[in-house]
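Asks: Okay, here's what each chain looks like letter by letter:
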Amino acid sequence: EAHEGERGRDGEVKVIYWQAPSILNPYLSSGTKDVEASSLVLEPLGRYDETGALVPYLATEIPTLENGGVSEDLKTITWKLKDGLLWSDGTPFTANDVKFTADYCMNPEGGCAQLAKFEGVSSVEVIDDQTVKVTFSEPMPNPYGPFMGGQSPIIQAAQFADCTGAKAPECTEANFNPIGTGPFTVTEFRPNDVITMAANENFREAGKPAFATLTFKGGGDATAAGRAVMETGEFDYAWNLQLAPDVIAKMAEGGKGKPMSAFGTLVERLELNMTDASPDLPEGERATAKHPHPILSDEKVRRALSMAIDRELLVEVGYGQAGRATCNMVPAPELYASDNTDCLTQDIEGAKALLDEAGWTDTDGDGVRDKDGEKLALLYQTSTNAVRQDFQALIKDWWSQIGVETELRNIDSSVFFGGDPGSTDTFQRFYADVEMYANNFDGTDPQSYLAQRTCAKFPSPETQWQGENINRFCNEEYDAMVAELGRTGEMEKRGELAKKLNDMLTKDSYSILPLVDRGRVSAASNTLGGVVLNTWDSELWNAADWYRMEE
Amino acid sequence: MLTFTIRRLLLSIPTLLFISLVIFLLLQLAPGDPMAQVPLTVPPEVKEKMREALGLGQPIYIQYWKWLVQVFWIEPQVFIDYLTNRSALFSWLPDTNLSDGKLRVISWQTRSPVMDIVIQRMPQTLWVVGLAYIVGIVIAIPIGIYSAYRHYSVFDQAGTFITMVGFSIPPFFTGPLLIVIFSVTLGWLPSIYDTTHVVNDWASFKVQFMQMIMPVMVLALQTTAQISRYMRGAMLDNLNQDYVRTARAKGLKESVVVMVHVLRNSMIPVVTIIALGMPAIFGGAIITENVFKVNGIGQLLLTALRANDLPMVMTLTFIFAVLIVLFNLIADILYGLLDPRIRYD
Amino acid sequence: MTEQPIPASPVEADLEFMKALQDKGPQKPPRSQWRDVWDQFRKHKGALFGGSFLIFITLAVIFGPYIWDIDAKKLDIRNKDWRPIYTLLWDGDAKAGWIHPLGTDQLGRDILAQMLFGGRVSMAVGWMAMALALVIGTAIGVLSGFFKRMDFWLMRFTDLILSLPILPLVLLAVTLFGQPLRSQFGPEGGMFILIVSVISLTSWMQTARIVRGDILALKEREFILAARSIGTTPGKIIRRHLLPNVISPIMVSATLGLATAIITESALSFLGVGFPSDFPTWGKQLADAVDRMQEFPERVMLPGIAISLTVLAVNYLGDGLRDALDPRIRGR
Amino acid sequence: MLDHTNEAPIAQIQGLRVEFQTKDGPVVGVEDVSFDINPGETVCVVGESGSGKSVSSLSLMRLVEYGGGEIAGGRLLFERGEKGQIDLAASSGSLMRKIRGNEIGMIFQEPMTALNPVFTIGKQMTEGLRLHLNLTRQEAEARALELMRQVRIPEPERRLKQYPHELSGGMRQRVVIAMALACEPRLLIADEPTTALDVTIQAEILALMDRLKRETGTAVMFITHDMAVVAQMADRVVVMFRGKKVEEGTVEEIFENPQHPYTKALLAAVPKLGEMTGKPYPEPMKLLGSEDKEILPIKGRDEVLLSVKNLTTRFPVQGGFLRRTVANVHAVEDLSFSINKGQTLSLVGESGCGKSTAGRSILRLVEPMSGEVNLDGVDVMALDQKALRTARLDMQMIFQDPFASLNPQMQLADQVAEPIHNFATLKGAEITKRIEMLFDRVELPRSFMRRFPHELSGGQRQRVAIARALALNPKLIIADEAVSALDVSVQAQVLNLMMELQAEMELSFLFISHDMAVVERVSHYVGVMYLGRIVELGSRQRVFENPQHPYTQALMKAVPIADPRRRKSEKDLNFKPIPSPIHPASYLAEPSTYREVEPGHHVLITDSGY
Ligand SMILES: Nc1ncnc2c1ncn2[C@@H]1O[C@H](COP(=O)(O)OP(=O)(O)OP(=O)(O)O)[C@@H](O)[C@H]1O
Ligand SMILES: Nc1ncnc2c1ncn2[C@@H]1O[C@H](COP(=O)(O)OP(=O)(O)OP(=O)(O)O)[C@@H](O)[C@H]1O
Ligand SMILES: [Mg+2]
Ligand SMILES: [Mg+2]
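Residue numbers (this note's numbering), protein chains in the order written: chain C, 78 to 628; chain W, 10 to 354; chain B, 46 to 377; chain G, 5 to 614.
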């Protein structure tokens with residue numbers, strides 16, 4: 078192949094992320110930008126590839142039930158490390174480092190951002206220098222939380238030994254220049270600005286990486302990043318171009334690079350509030366289970382709202398190639414994705430009929446339906462973002478066609494997605510009727526994602542408005558099925574259950590209206606070879622394989 | 010003058026303390042959460058743990074007190090340590106280790122001392138924003154002088170027109186416009202500023218020059234608009250003064266009359282206006298820095314705001330407040346120095 | 046002295062010279078003050094242009110939406126991305142037509158309607174915020190210039206406001222007052238009040254400083270002492286004697302203030318704390334169109350030109366008004 | 005007068021016409037003016053304000069162009085010695101620059117503003133020298149020093165390094181003169197060089213110019229509207245009126261046998277020191293054109309209206325770190341006097357001696373430190389702010405500068421009505437009636453009520469100020485240099501008006517002035533102030549006819565007299581610079597003790613600092 082040769086032969090490669098990394102320790106930040114930047118340096122035992130399949134990195138193979146790496150009771154998983162691995166400083170990589178990584182993150186004072194990856198882990202033991210065993214307190218049908226994927230890479234015990242617990246933030250040097258096993262090492266890290274890297278001399282694969290240095294620029298906006306790759310050719314790779322399709326298409330005409338897209342599990346959805354968030358209610362009772370929503374508690378209304386939406390058009394306007402209309406909360410992987418496509422055709426008339434049926438009619442002729450003197454008016458909020466605002470406008474338009482009045486509201490994303498219990502504008506607090514945002518799940522297993530919709534996970538004043546069941550969906554049957562999923566290890570069975578759960582949230586109840594399965598668009602220069610866009614792991618997962626090619 | 014300065018400096022300490030308190034409360038009260046950028050896949054319990062690790066659970070007054078101690082007591086110690094240990098000037102002094110093991114102001118985003126990052130950001134901010142300020146002034150002053158001298162001439166009218174247009178167009182428009190023209194269409198200039206670029210020879214200087222042109226020009230446009238207005242006004246005030254006639258009666262050349270006698274007097278208010286604008290340089294230029302990826306102080310503040318990195322926002326805002334108070338004082342002192350009629354006692 | 050034209054009768058001549066020694070009053074007959082202002086104003090070409098343009102644009106944004114009655118928020122996705130009518134001049138195949146003279150945006154909203162409606166909001170925000178900022182700035186400037194005791198603290202207060210970061214301030218304001226204002230004035234009205242207040246609360250400082258400087262100088266003028274000696278109360282001195290004499294710097298601040306307000310509003314939308322997303326303003330139209338600047342230059346140019354022309358017009362109008370309102374200049 | 009008639013004139017102005025382009029079309033500044041200036045001669049150009057004096061002189065320097073003027077006709081012939089005669093009106097800009105400051109020097113009216121405030125005296129003096137004489141810096145400085153000595157500036161070395169504001173007005177004017185003389189010009193133009201100065205300083209400057217002219221033989225064109233100064237200085241006089249020359253002649257001819265009615269009227273309006281000798285009471289002036297008015301002395305009454313005892317006002321000078329008072333300006337020190345109803349007491353003295361402060365202290369516009377002020381039974385010092393406001397109903401003030409004391413942005417009627425509104429003494433239509441009455445009273449047409457101050461002449465403005473002061477029917481008016489800024493003719497009318505009002509309404513005046521001739525005209529009593537104290541106090545007749553204190557005597561000597569036969573010689577003048585009124589905080593001012601030389605005539609016997 079063209080890219081073979083000695084390490085560092087292709088000079089410099091330049092990557093631009095419009096969000097700048099602030100730290101290179103993924104355990105202190107779970108921000109995507111930080112995790113992905115650090116994935117050039119730090120590596121996990123195994124990664125997900127572009128299809129979502131598990132591939133070994135530092136481990137010799139992925140432990141499974143079949144190969145005996147995972148115990149029958151689903152309570153332990155044993156990893157075997159590759160031989161002769163070296164840290165970039167030349168010291169050997171051992172099972173100790175793996176155990177240290179777990180201890181580091183599980184330290185109760187450290188505030189580890191990836192703690193969820195280590196959920197249920199009761200102990201990590203070093204069997205020998207090359208073997209490490211993770212034991213869970215409960216059976217784990219999906220034991221690939223720890224040490225799998227960009228979010229839980231292995232850090233060097235020697236470097237971080239003095240940085241555990243409360244001292245974690247003080248180790249600036251280590252957090253900015255972690256020693257790793259990945260293809261690159263940090264030369265200079267300027268937080269929130271730029272990282273310069275050089276090829277790791279001790280990288281385990283000969284002749285890789287092809288580039289001697291890597292410049293990782295951060296900051297600006299997606300437009301500028303796209304422009305720098307596709308129009309001016311100043312950069313080789315631009316991450317996550319959240320731009321309107323026509324804008325991206327125009328940039329691609331620049332001819333210096335091209336956009337790529339891939340799909341994962343990210344779904345843009347409408348959440349319909351099942352509780353009443355009216356400001357007339359006393360504080361403490363607003364948006365709580367005490368008061369069901371006066372309008373949206375009716376399934377017919379919810380269904381009508383869904384029917385009025387033309388999801389294909391939304392995709393065309395907002396995402397183009399990088400989106401697919403979907404009716405599912407869990408759009409992938411195939412095993413878990415339901416075949417539900419009912420919602421894809423817009424049916425304004427049907428929606429009108431449904432509303433009539435539900436008793437909402439336009440008695441006063443102002444174009445807005447009403448019932449018992451109450452108007453069919455909804456407050457629809459989302460975070461500030463150009464595409465979301467276009468969506469809001471379109472959906473408002475459709476809803477107005479079926480006689481629903483919509484008030485739009487957008488909130489700064491740092492407030493909207495922040496969990497500040499004092500703010501009334503957070504998405505958890507949901508002081509609105511309809512809310513739009515996107516969510517996904519890590520890796521390929523949707524269990525914990527689906528478990529978010531159990532009754533116990535309501536955000537409420539008692540929980541300081543923390544909680545993942547954003548729209549306050551509550552169904553005992555659903556809760557029971559989630560529990561069942563947690564006990565099931567058999568893949569087929571798990572798929573069945575997940576699909577059922579997905580359908581209960583969407584086409585059975587219409588409490589969540591999925592809109593678009595959002596793919597990822599990134600752009601690579603025409604001269605950059607070996608890029609494989611991966612939405613299941615860090616986008617830079619295979620940077621070691623990148624090389625320069627002739628145009 | 011000296012006592013005046015010292016008095017004002019001392020008085021500014023309580024002022025600054027008060028300002029810092031107000032800023033602190035404002036930031037505390039403002040909604041927003043440092044966990045806002047953490048992906049939704051991270052469960053709330055983990056976020057809660059992360060918040061605790063940042064010290065968010067503590068009562069407000071303790072957080073404020075900690076910040077005060079860190080900024081006013083520990084950071085100066087760090088500075089002294091730096092001076093005695095590493096700086097070229099004072100390293101002959103015995104090494105001090107005052108700050109060892111003491112907790113500095115730590116950014117929540119980067120988990121590193123805020124001051125280090127600020128210092129790291131200074132060069133590009135000063136280069137770009139500072140140079141833009143200088144360029145703006147250098148362009149504005151002749152325009153102002155000539156507009157006033159040829160009051161209501163075509164030049165004056167055109168100058169007014171262009172500066173007002175320049176003032177009224179936001180940089181988030183001019184910036185991308187320049188990029189589209191000069192980087193995309195013509196391909197002459199880079200659209201992304203390289204902060205790591207080191208100038209060590211002519212070629213690298215040229216590169217630096219190329220990458221600075223656009224941000225500097227966008228910023229300079231605003232400065233030019235304002236300063237040239239002030240300059241024009243001040244010149245107009247002075248051109249009709251009696252001493253100008255005296256100077257002419259001495260047989261001085263018109264250029265000497267205007268450029269020496271009138272200009273010197275007109276510069277007094279303008280210089281103070283310029284001094285008052287200085288803090289803004291250190292404050293960076295949020296939008297322009299962002300458009301050209303200059304990643305100076307302005308961009309730092311913006312990212313910190315977006316990430317609700319309170320220690321960073323607080324410290325940057327406070328530094329800005331210090332500069333404002335300081336440059337207010339400097340403007341006053343400059344006024345006294347430039348105008349012999351003014352004496353502070 | 047030989048060439049003196051000698052009047053007919055020597056006695057008459059004497060009397061004439063005698064009278065000449067008396068005070069010479071103005072030769073022109075007195076006229077109404079406002080006539081005078083208008084006459085002076087009319088002489089200033091820039092001011093006339095500025096005034097007419099402002100009247101034009103104000104009328105356009107007030108009545109335009111009634112005449113051009115396409116709803117600015119109305120989507121027509123099938124007719125998106127129309128070009129302005131003039132593109133037909135050089136490109137016969139362009140998607141353009143008289144139904145949308147200035148074209149449509151990416152969601153098919155009519156740009157002319159958006160310009161008209163957006164102008165209404167931008168102008169309202171600009172004027173209100175500027176007016177409020179002027180009131181605050183002038184008040185603070187006058188108080189600190191006039192009352193020596195308050196000076197130090199008011200100026201330090203100014204420093205404080207100068208150093209406050211605007212973004213958290215807006216967010217805080219939205220949190221604290223967003224809900225009550227929304228329920229009182231509706232989502233758009235509430236946001237309007239909020240935005241106007243935030244912009245004006247953070248942009249009065251320059252005015253305050255300038256006014257203060259001028260008041261400090263004016264205070265030493267003899268007519269202020271004269272006013273005190275005839276028993277004028279401080280309040281009246283400020284209102285009747287000081288304020289009219291600082292009109293000129295206030296005018297300048299007003300000009301710059303309007304521009305700043307319109308731009309700040311757009312920057313706020315840009316940062317996501319502005320009006321509801323489907324509520325067009327010039328600033329937002331400009332910000333939204335920047336990404337598509339190459340394909341659809343008109344979408345940035347139209348609001349950009351509208352903002353610039355408005356600001357220019359106000360600037361010229363301010364110049365002219367300043368001259369016209371100053372009786373000293375007016376007399377000349 | 006020197007005999008140079010056989011030589012050709014240095015400058016000949018022939019048919020000069022200057023136009024200004026204004027918004028209302030062209031305005032003619034001077035029209036068809038012709039006169040000559042001979043070598044070694046002083047030509048005085050007189051005329052009221054706006055008659056074209058400055059424009060003529062600026063035309064000669066070709067400086068009118070910078071003020072928007074244009075020489076539309078006539079020739080300005082200038083004799084350059086060996087280089088022959090040229091027409092300045094047709095010379096190029098570069099040639100003019102060689103002539104300006106070099107062959108023609110000019111002194112301007114306002115010493116306060118004629119110097120650039122931000123350059124040192126030395127820099128401003130050497131600038132012209134280095135330009136025209138190509139001197140090096142050292143040479144230029146040496147020459148500057150020499151010039152400073154020539155104009156008798158004390159400590160010239162130090163002055164060169166100082167800034168203009170650090171010099172007193174007199175010194176500044178001397179610097180301007182030195183600058184004009186620097187290159188030994190053939191012609192010196194002095195445009196009202198002493199108008200803004202104190203009598204004593206004026207006398208010095210006039211003597212200085214006279215001496216310099218004699219020593220260097222320079223021709224001088226001297227512009228003034230002060231006939232007394234003309235009498236002191238001129239060889240020949242040119243009288244201008246409305247942009248035209250109306251009369252020309254030797255100084256004696258003009259003063260003794262004026263031909264033109266304008267000249268006659270002008271001379272009649274000039275108060276001459278000594279005119280009132282022998283008259284116990286003041287009386288209005290006899291002006292041409294109003295001879296039919298009967299002239300009656302103003303007697304007043306012998307009841308005390310205002311009595312001031314031991315009034316002391318000091319301004320603290322703060323310094324040091326804690327801004328404590330380190331020193332005091334002893335502006336008014338132990339002042340005692342009283343004013344009778346319907347009579348006038350004048351305070352005279354040099355600039356800075358505390359006259360204004362005394363006046364303001366009585367009104368409590370500045371807070372006095374101690375003393376008693378009793379106005380018609382009201383103890384002014386004991387009043388609180390509210391009562392003080394009410395007390396001001398009875399005492400009003402007229403200020404020096406009629407332009408500065410009126411709000412430029414308000415219509416006159418409103419300004420006059422303001423005190424009435426303030427105290428709500430009248431309501432509704434009565435106010436209008438009262439204003440109309442006041443306008444009639446001060447002889448202003450009612451049509452002026454809707455005008456703005458800038459539309460009026462100086463005298464008219466001062467009438468408005470007087471009307472405002474009268475609006476509340478006060479008992480006492482403090483007139484702080486109320487006529488100093490006015491033209492002689494106008495000054496005379498305003499003075500007459502004030503005296504008429506006094507006679508009619510039994511007003512009492514505290515008249516503050518530095519003009520002895522005016523004071524002689526208007527006062528019943530006179531107090532001579534020096535360094536914050538009254539050095540001599542008594543009836544006007546006694547003080548003027550029999551001055552006792554050495555300072556009073558010196559002051560009287562300095563006053564120029566409008567009579568060319570009574571010129572003062574430089575030898576008569578003997579002034580010491582005024583010592584500083586600033587004393588450290590610890591300084592204890594001694595009380596003033598007076599000796600009664602005659603009944604009611606007191607002279608300070610303790611140290612006055614003079
Ligand atoms: N810059 C100018 N623009 C228009 N008119 C002017 C200008 N300068 C002078 N004039 C006019 O020229 C005439 C003569 O003015 P000039 O200054 O010579 O008077 P003056 O005799 O010097 O009076 P003063 O005693 O007040 O100095 C006046 O009527 C004045 O209105
Ligand atoms: N507000 C003040 N603060 C400090 N010193 C002052 C103040 N006002 C006046 N003085 C000083 O007090 C002294 C007397 O001033 P004042 O104005 O009374 O003199 P004057 O006789 O009226 O002089 P002029 O004839 O110049 O008006 C001067 O030395 C002056 O500098
Ligand atoms: Mg003059
Ligand atoms: Mg005075």
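Some hints here could point you the wrong way.
Listed next, the in silico DSSO-like pairs over lysine-lysine satisfying Cα-Cα at most 27 Å (straight line) [unchecked claim]:
#, chain 1, residue 1, chain 2, residue 2
1, B, K281, C, K452
2, G, K345, G, K283
3, C, K152, C, K244
4, C, K429, W, K75
5, G, K437, B, K281
6, W, K262, G, K345
7, C, K452, C, K335
8, W, K262, G, K431
9, C, K335, C, K367
10, G, K313, G, K479
11, B, K281, G, K345
12, B, K281, G, K431
13, B, K193, G, K87
14, C, K176, C, K210
15, C, K429, C, K570
16, G, K431, G, K390
17, C, K152, C, K584
18, B, K281, G, K127
19, G, K345, G, K479
20, C, K176, C, K159
21, C, K244, W, K262
I should point out that these hints are in silico values taken from the structure, not numbers from a laboratory.
These figures come from a predicted structure and were not determined experimentally.
Asks: Does each hint fit the structure? Answer for all of them.
Replies: Against the structure, the hints:
Between K281/B and K452/C the CA atoms are separated by roughly 54 Å; this puts the pair beyond 27 Å, and the hint is violated. The straight-line distance between the Cα atoms of K345/G and K283/G is roughly 19 Å, inside the 27 Å bound, and the hint therefore holds. In summary, the hint linking K152/C to K244/C is not supported, as the alpha carbons are separated by about 32 Å, beyond the 27 Å threshold. Pair hint K429/C plus K75/W does not hold up; C-alpha atoms about 60 Å apart against a cutoff of 27 Å.
Simply put, K437/G and K281/B have alpha-carbon atoms about 23 Å apart, close enough for the 27 Å limit, and the pair holds. A hinted pair counts as satisfied when its Cα atoms are at most 27 Å apart, and K262/W with K345/G does not qualify at roughly 61 Å. Between K452/C and K335/C, the direct Cα distance comes to roughly 49 Å. Violation of the 27 Å bound is thereby established for this hinted pair. Proposed proximity of K262/W and K431/G is contradicted: the alpha carbons are some 61 Å apart, above 27 Å.
For the hint linking K335/C to K367/C, the alpha-carbon distance of about 52 Å lies beyond 27 Å, and the restraint is violated. Pair hint K313/G plus K479/G holds up; C-alpha atoms about 19 Å apart against a cutoff of 27 Å. For the suggested pair K281/B and K345/G, the alpha carbons sit about 32 Å apart, so the restraint of at most 27 Å is broken. Proximity of K281/B to K431/G is assessed by CA-CA distance (about 18 Å); at most 27 Å being required, the pair is judged to hold.
Simply put, K193/B and K87/G have alpha-carbon atoms about 63 Å apart, too far for the 27 Å limit, and the pair is violated. The hinted pair formed by K176/C and K210/C meets the criterion: a straight-line CA distance of about 9 Å does not exceed 27 Å. Distance hint between K429/C and K570/C is unfulfilled; the C-alpha atoms sit about 39 Å from each other, more than 27 Å. Between K431/G and K390/G, the direct Cα distance comes to roughly 21 Å. Compliance with the 27 Å bound is thereby established for this hinted pair.
Restraint check for K152/C and K584/C: not satisfied, since their Cα atoms lie roughly 35 Å apart, outside the 27 Å limit. For the proposed pair K281/B and K127/G, the alpha carbon gap of about 46 Å is over 27 Å, so the pair is violated. For the given pair, K345/G sits about 8 Å from K479/G by alpha-carbon distance, which is consistent with the 27 Å threshold. Between K176/C and K159/C the alpha-carbon distance is near 16 Å, which keeps this suggested pair within the 27 Å criterion.
The suggested pairing of K244/C with K262/W is violated, with an alpha-carbon distance near 72 Å, which exceeds 27 Å.
The structure does not agree with the numbered hints 1, 3, 4, 6, 7, 8, 9, 11, 13, 15, 17, 18, 21 stated previously, though it agrees with the rest.
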